[in-house]
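**Student:** Each chain, letter by letter, is given below.
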Amino acid sequence: MKELLVISGKGGTGKTTVVGSFAALANSKVLADADVDAPNLHLLLSPKQLEDRPYSGADLAVVDRDACTECGRCTEVCEFLAIRNGLVNPRRCEGCATCSIVCPENAITLQPQTTGRLYFSDTRFGPLVHARLLAGAEASGKLVTQVRQAARTAAEQRGLDLILTDGSPGIGCPVIASLSGVDAALVITEPTPSGRHDLERILQLAAHFRVSTAVSVNKWDINPDVTRDIEHLAAGFGASTVARLPFDETVAEATAEAVPIVEWNEGEAAKAIRALWNDVASWGALL
Amino acid sequence: MKIAITSSGPTLDSQIDPRFGRAQYLLIVDTDSLDVEAIENPNVAAGGGAGIQSAQMVAGKGAKAILTGNCGPNAFRTLSAADIEVYTNVSGAVRDAVEAFTRGALQPISGPSVAGHFGLGQGGGEAGSP
Amino acid sequence: MKIAVASGKGGTGKTTVALALALSLPGAQLVDADAEEPNCHLFLSPTIHETVPVHMMVPDIDLDTCTFCGKCAEFCRFNALAVIKEKVLVFPELCHGCGGCAYVCSEKAVGKTDRRLGEVEIGEARGHRFIQGRLKPGEPSAVRIVREEIARLDQDAPAVIDSPPGTACAVQETVAAADFCLLVTEPTPFGLHDLRMAMDLAADLDLPAAVIINRSGQRDSLIEDECNARGIPVILNIPFDRRIAEAYSRGEILTDAFPEYAGELRRVWDTVGREVRA
Numbered sequence: 001m002k003e004l005l006v007i008s009g010k011g012g013t014g015k016t017t018v019v020g021s022f023a024a025l026a027n028s029k030v031l032a033d034a035d036v037d038a039p040n041l042h043l044l045l046s047p048k049q050l051e052d053r054p055y056s057g058a059d060l061a062v063v064d065r066d067a068c069t070e071c072g073r074c075t076e077v078c079e080f081l082a083i084r085n086g087l088v089n090p091r092r093c094e095g096c097a098t099c100s101i102v103c104p105e106n107a108i109t110l111q112p113q114t115t116g117r118l119y120f121s122d123t124r125f126g127p128l129v130h131a132r133l134l135a136g137a138e139a140s141g142k143l144v145t146q147v148r149q150a151a152r153t154a155a156e157q158r159g160l161d162l163i164l165t166d167g168s169p170g171i172g173c174p175v176i177a178s179l180s181g182v183d184a185a186l187v188i189t190e191p192t193p194s195g196r197h198d199l200e201r202i203l204q205l206a207a208h209f210r211v212s213t214a215v216s217v218n219k220w221d222i223n224p225d226v227t228r229d230i231e232h233l234a235a236g237f238g239a240s241t242v243a244r245l246p247f248d249e250t251v252a253e254a255t256a257e258a259v260p261i262v263e264w265n266e267g268e269a270a271k272a273i274r275a276l277w278n279d280v281a282s283w284g285a286l287l
Numbered sequence: 001m002k003i004a005i006t007s008s009g010p011t012l013d014s015q016i017d018p019r020f021g022r023a024q025y026l027l028i029v030d031t032d033s034l035d036v037e038a039i040e041n042p043n044v045a046a047g048g049g050a051g052i053q054s055a056q057m058v059a060g061k062g063a064k065a066i067l068t069g070n071c072g073p074n075a076f077r078t079l080s081a082a083d084i085e086v087y088t089n090v091s092g093a094v095r096d097a098v099e100a101f102t103r104g105a106l107q108p109i110s111g112p113s114v115a116g117h118f119g120l121g122q123g124g125g126e127a128g129s130p
Numbered sequence: 001m002k003i004a005v006a007s008g009k010g011g012t013g014k015t016t017v018a019l020a021l022a023l024s025l026p027g028a029q030l031v032d033a034d035a036e037e038p039n040c041h042l043f044l045s046p047t048i049h050e051t052v053p054v055h056m057m058v059p060d061i062d063l064d065t066c067t068f069c070g071k072c073a074e075f076c077r078f079n080a081l082a083v084i085k086e087k088v089l090v091f092p093e094l095c096h097g098c099g100g101c102a103y104v105c106s107e108k109a110v111g112k113t114d115r116r117l118g119e120v121e122i123g124e125a126r127g128h129r130f131i132q133g134r135l136k137p138g139e140p141s142a143v144r145i146v147r148e149e150i151a152r153l154d155q156d157a158p159a160v161i162d163s164p165p166g167t168a169c170a171v172q173e174t175v176a177a178a179d180f181c182l183l184v185t186e187p188t189p190f191g192l193h194d195l196r197m198a199m200d201l202a203a204d205l206d207l208p209a210a211v212i213i214n215r216s217g218q219r220d221s222l223i224e225d226e227c228n229a230r231g232i233p234v235i236l237n238i239p240f241d242r243r244i245a246e247a248y249s250r251g252e253i254l255t256d257a258f259p260e261y262a263g264e265l266r267r268v269w270d271t272v273g274r275e276v277r278a
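Residue numbers (this note's numbering), protein chains in the order written: chain D, 1 to 287; chain X, 1 to 130; chain F, 1 to 278.
Some hints could be false.
Straight-line Cα separation of at most 25 Å, DSS-like style, residue types lysine-lysine; simulated pairs [said to hold, decoys possible]:
| id | chain 1 | residue 1 | chain 2 | residue 2 |
| --- | --- | --- | --- | --- |
| 1 | F | K87 | X | K61 |
| 2 | X | K64 | F | K87 |
| 3 | F | K87 | F | K108 |
| 4 | F | K108 | F | K85 |
| 5 | F | K112 | F | K85 |
| 6 | F | K87 | X | K2 |
| 7 | X | K2 | X | K61 |
| 8 | X | K64 | X | K2 |
| 9 | F | K71 | X | K61 |
| 10 | F | K85 | X | K64 |
| 11 | F | K112 | F | K87 |
| 12 | X | K61 | F | K85 |
| 13 | X | K2 | F | K85 |
Just so you know, the hints here were simulated from the structure itself, not pulled from any lab data. Only a predicted model underlies this, so the values are computations on that prediction, with no experimental measurement involved.
Start from the sequences, fold in the hints, and give me the full structure.
**Tutor:** In structure tokens form, the structure reads like this:
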């Protein structure tokens, strides 16, 4: 069983659009949405929800208001500005427990809090695991790990060959958690200075995790010069260049109807995504 | 002697789990008697530091060696500090791996076998390509 | 007055709007708070006057004083410390910098040392004060970098803060520092889904907000209906236009390529200003 992660560096380059179509083209797979901050894949797949579970990312400090004397010792030691005289700001609290050990009244305990939810669904393309972290919550990496773990379990139970994971933008903790141990990373980028700049940083990150990487430029026809420049950059990192995708306004229609573009029509984007899938299907790291 | 093995199930007939920190089970096997203590790994869903925690657990059980698929830098560092020998690239049934170890057919590693989960691990490497 | 430009969904046009908005008001400062992937500088070629490294403190154990009791490792909720035999292992990349280990140590053996997370750069572009942050690749969290950027704001001048995508901790840090939240979205199901989350975040923080619909067109009602339901106004529509995408791909700022938007953005400042003062 292999895992393919689709990431981007820059946001909005078309990861979910591509994964949605790959879902329709791949034979034996589990779908996972590792963008636990802003999950979108389920919007394309019309899932039938089977189960949902609360997720506890971190413990949070809880103060016994009766025991608290408002001495302010907790305020002095908290590095995160998360507690003031016994009043906890749950958005800032990182669950380190330092306040609880210095409180002279032993008024503070650390308790698990629900900071998100994990969803298990069936779709016409196969099982889907996705999750949603509450706004501002910490420890997105741990929730990503749980999504990947659940997808792996589903693949093992059903004898499926591929885990197809829709990743998040950026290079921070959720991306790091999705890259670790993955077999291959497909980076979807766009032919703009931002696309190029952010690609460089995500390629640096992928290189450190020694992950086999390929790059596809989406909406390449908006700027063929920058497209070529990006493909040079990718080569410099030892990443392969795979099929480019053209700008195609029918993609928005398909998305609005929750249909992957390869099922919607035989237009330019659909054809190109099929070609991209062919490249991916013959990728050594996934065979 | 006691050795540890990462496993997808609780018995000698289970398949080895290639992950260390987040392996489903950690089996502590006495190579003389073939007694097995199966520990359901509490670190499976950990955010960071699963390898460190699993390594401490293995050390706490008195294991002298760990047989697994891959071992990241944090886990490796912790296991080495505990003077536990690390054998990677081990796969198949747990029973067969124990037998191979006892026979002296396995080689321990001198550094981590995969890049780390968090942080910049052991320096850069070039990404492969399709 | 500090305006955070956020979105929920990535790629909707936050940076496009933030750049044009800041440049349309003389004296406004621009803060690029997307320290994972800072993009504003690509359009501005700023002159940087000052670089501020951003650090956090991680434990440094005095092995002569340490008795290897293991209390620090047992306390640490992030597994950043391990005590094995007569060794203490520190894993700096897991450390949250809480300092709790120093408090639990009865021997005073836990000192502190720096770990570099990235840097904040302060300078100027086209007559506007400019602040950006950059996270070192491999570091998981940009929160401390964003905090430093916000600390460097000139409190007496209006500010536009370009936020990262999503609604996680770094976005929270950015938006919490503002007086008003401009939410840039696109009229698609993904845009709407993520916009709702961003609206929830603004509401939780009691922040007044308004929406800008980028790539506006026939599906705007998706967004407009949500805005009506929540009582959040749509303050500007930027129609879909391939020429805008092409200009962006050449590194051009919206108001340079299409000067007609400068007036629109000044109107946004006026409207937001009235909201905030009210």
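**Student:** Flag every earlier hint the structure violates by its number, smallest first.
**Tutor:** The structure conflicts with no hint, since it agrees with every one listed earlier.
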